[in-house]
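Listed here are the chains, written in short residue letters.
Protein chains: 2
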Amino acid sequence: MQIVIIGSGNVAYHLAKAFVQNKIPLAQIFGRNEEELKKVSEELGTSYSTKNLVDSDLYIIAVSDNSVEEVSEMIPKKDCLVVHTSGSLPKESLKGDYRKASFYPLQTFSKSKELDYSKIPFFIETENEQDKKILFEIASKISENVMESTHEKRKYIHLTAVFACNFVNHLFARAKEISDSQEIPFGYFLPLIDETVQKIYEIEPRSAQTGPAVRNDKRILELHEQLLHGESLEIYKTMNHSIQKMYEL
Amino acid sequence: MQIVIIGSGNVAYHLAKAFVQNKIPLAQIFGRNEEELKKVSEELGTSYSTKNLVDSDLYIIAVSDNSVEEVSEMIPKKDCLVVHTSGSLPKESLKGDYRKASFYPLQTFSKSKELDYSKIPFFIETENEQDKKILFEIASKISENVMESTHEKRKYIHLTAVFACNFVNHLFARAKEISDSQEIPFGYFLPLIDETVQKIYEIEPRSAQTGPAVRNDKRILELHEQLLHGESLEIYKTMNHSIQKMYEL
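Those protein sequences? They're chains A and B, same order as listed. Sequential numbering from 8 applies to the first sequence in the working numbering. Sequential numbering from 8 applies to the second sequence in the working numbering.
Think of the hints as simulated: they come from the structure by calculation, not from any bench. Here the structure is a predicted model, which is why all the values come from computation and not from measurement. It is possible that some hints are incorrect.
Copies of the same chain look alike in the list, so a pair counts if it fits in one copy or across any two.
[Unchecked claim] Here are the simulated lysine-lysine pairs, BS3-like style, with alpha carbons at most 25 angstroms apart: (1) K225 x K160; (2) K140 x K45; (3) K118 x K140; (4) K118 x K46; (5) K118 x K252; (6) K118 x K225; (7) K160 x K58.
Sequences and hints are given; from them, build the entire structure.
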């Protein structure tokens with residue numbers, strides 16, 4: 008079976024790497040960014056192109072949601088399976104006469120960071136049983152955690168991930184901005200952050216809540232508001248309001 | 008040296024446990040909640056009281072910020088050291104003729120969760136060198152990470168911790184609310200959450216940002232807003248606005 012990955016961003020890179028590490032042969036990596044493709048191709052020992060898409064049985068489009076449709080139109084073949092890796096798009100975003108599917112890895116991908124692929128949940132949606140079998144077989148070589156998911160459910164999985172990952176990372180970024188402003192090393196907070204995550208393996212996040220808002224400690228809340236400004240102040244107020252609503256304080 | 012811990016909440020429990028585990032003798036655990044104190048005392052093999060505070064060299068007041076002043080007035084002795092564990096109060100919140108200090112462990116404490124005390128940073132502020140030595144010696148038996156800190160700096164440490172821990176946990180709680188509403192197991196998101204935290208050990212959080220807001224993917228941002236309501240929608244808008252401001256999008 009011939010497989011091509013299309014894309015030169017973080018998701019494409021990590022998928023290609025997971026394929027190579029798990030001995031799933033890649034016929035080609037295809038994309039626009041020649042510099043990136045060259046780097047990836049040298050690291051993984053795969054061929055690449057920015058111009059000529061090779062003939063293949065499976066095309067995995069791992070590009071940003073905005074580009075999926077445009078890229079999907081570049082595939083002229085009919086007798087093939089084309090998948091995208093988006094958490095939010097329906098498989099019908101793929102525009103062509105081929106078989107369509109969704110192949111969504113739930114993870115945050117940064118190029119410079121090694122990943123344990125075996126723990127990444129894959130959510131798959133296909134048009135028929137045969138394609139489902141193909142994609143389950145491939146994903147199962149990479150991960151222990153492969154599931155079916157409708158587009159409707161996948162949208163909510165992606166939305167949950169935005170809260171649990173993207174927004175969490177942004178809180179770290181704003182937190183570091185505050186500690187940097189006082190020359191407090193951010194490393195001090197790493198054991199606290201680890202424990203915050205360790206906790207939710209054992210306790211419901213709702214029951215694990217600590218801090219001034221859930222204690223309704225108005226004096227501290229006011230003090231903190233005086234120390235903050237701009238977007239961090241907005242976040243502070245919004246989060247405290249939401250905490251107090253959740254616990255009916 | 009006689010040591011008493013005052014309080015029956017999470018911080019008092021975990022401090023008492025850390026003391027006992029590290030063979031620092033406790034003369035007494037003192038507090039209002041007899042039921043809790045009895046449980047802790049039975050688990051740790053320490054004596055407790057809700058009425059008679061024993062004579063001691065060091066009193067550690069581990070109660071909520073709102074109660075520190077009131078509790079500190081209960082200590083009639085002069086020749087002793089009294090400390091509180093608050094991240095936000097000055098040591099002058101302690102009202103008495105004794106020596107005063109701050110003894111702030113940077114961690115999130117939940118009773119039902121085991122903790123690795125050796126990784127907890129302790130921030131200490133005293134009136135004199137002798138008391139500093141006493142508190143450093145005690146804290147160093149528990150943790151590898153003991154530092155001095157002024158009240159001014161401690162306020163910002165606490166504020167940073169609210170973003171990096173309390174708000175992060177609340178995002179987990181709101182995320183779980185979303186996934187629960189669609190009967191999506193929250194366990195799916197644990198590898199993603201782990202990776203989100205693992206990343207900041209290697210990459211600046213600012214550089215690790217992923218997701219629709221930093222890609223300025225307006226179509227997804229609008230779709231997500233349609234799926235949300237109430238406090239989660241407010242959080243969604245505030246966080247995206249802050250992300251887009253940070254990256255000047």
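Q) Within a copy, between copies, both or neither: where do K118 and K140 come within 25 angstroms Cα-Cα? A) Answer is neither; intra-copy 30 angstroms and inter-copy 46 angstroms both fail.
Q: Could you place K225 and K160 in one of the four classes (within, between, both, neither) given a Cα distance threshold of 25 angstroms?
A: between (39 angstroms within a copy, 20 angstroms between copies)
Q | Intra/inter-copy verdict for K118 and K252 if alpha-carbon distance must be at most 25 angstroms | A | Only across copies: K118 and K252 sit 24 angstroms apart there, 38 angstroms inside one copy, limit 25 angstroms.
Q) Given identical chains, is K160 near K58, meaning Cα to Cα at most 25 angstroms, within a copy, between copies, both, or neither? A) Intra 36 angstroms, inter 56 angstroms, cutoff 25 angstroms: neither.
(Q) Cα distance capped at 25 angstroms. Does K140 pair with K45 within a copy, between copies, both, or neither? (A) Close neither inside one copy (32 angstroms) nor across copies (59 angstroms); limit 25 angstroms.
Q | Up to 25 angstroms CA-CA - K225 versus K118, copy category | A | The answer is between: 24 angstroms across copies meets 25 angstroms, while 43 angstroms in one copy does not.
Q. Is it within a copy, between copies, both, or neither that the alpha carbon of K118 lies no farther than 25 angstroms from that of K46?
A. Within. Shortest intra-copy distance 11 angstroms satisfies the 25 angstroms Cα cut-off; inter-copy 50 angstroms does not.
The structure does not agree with the numbered hints 2, 3 and 7 stated previously, though it agrees with the rest.
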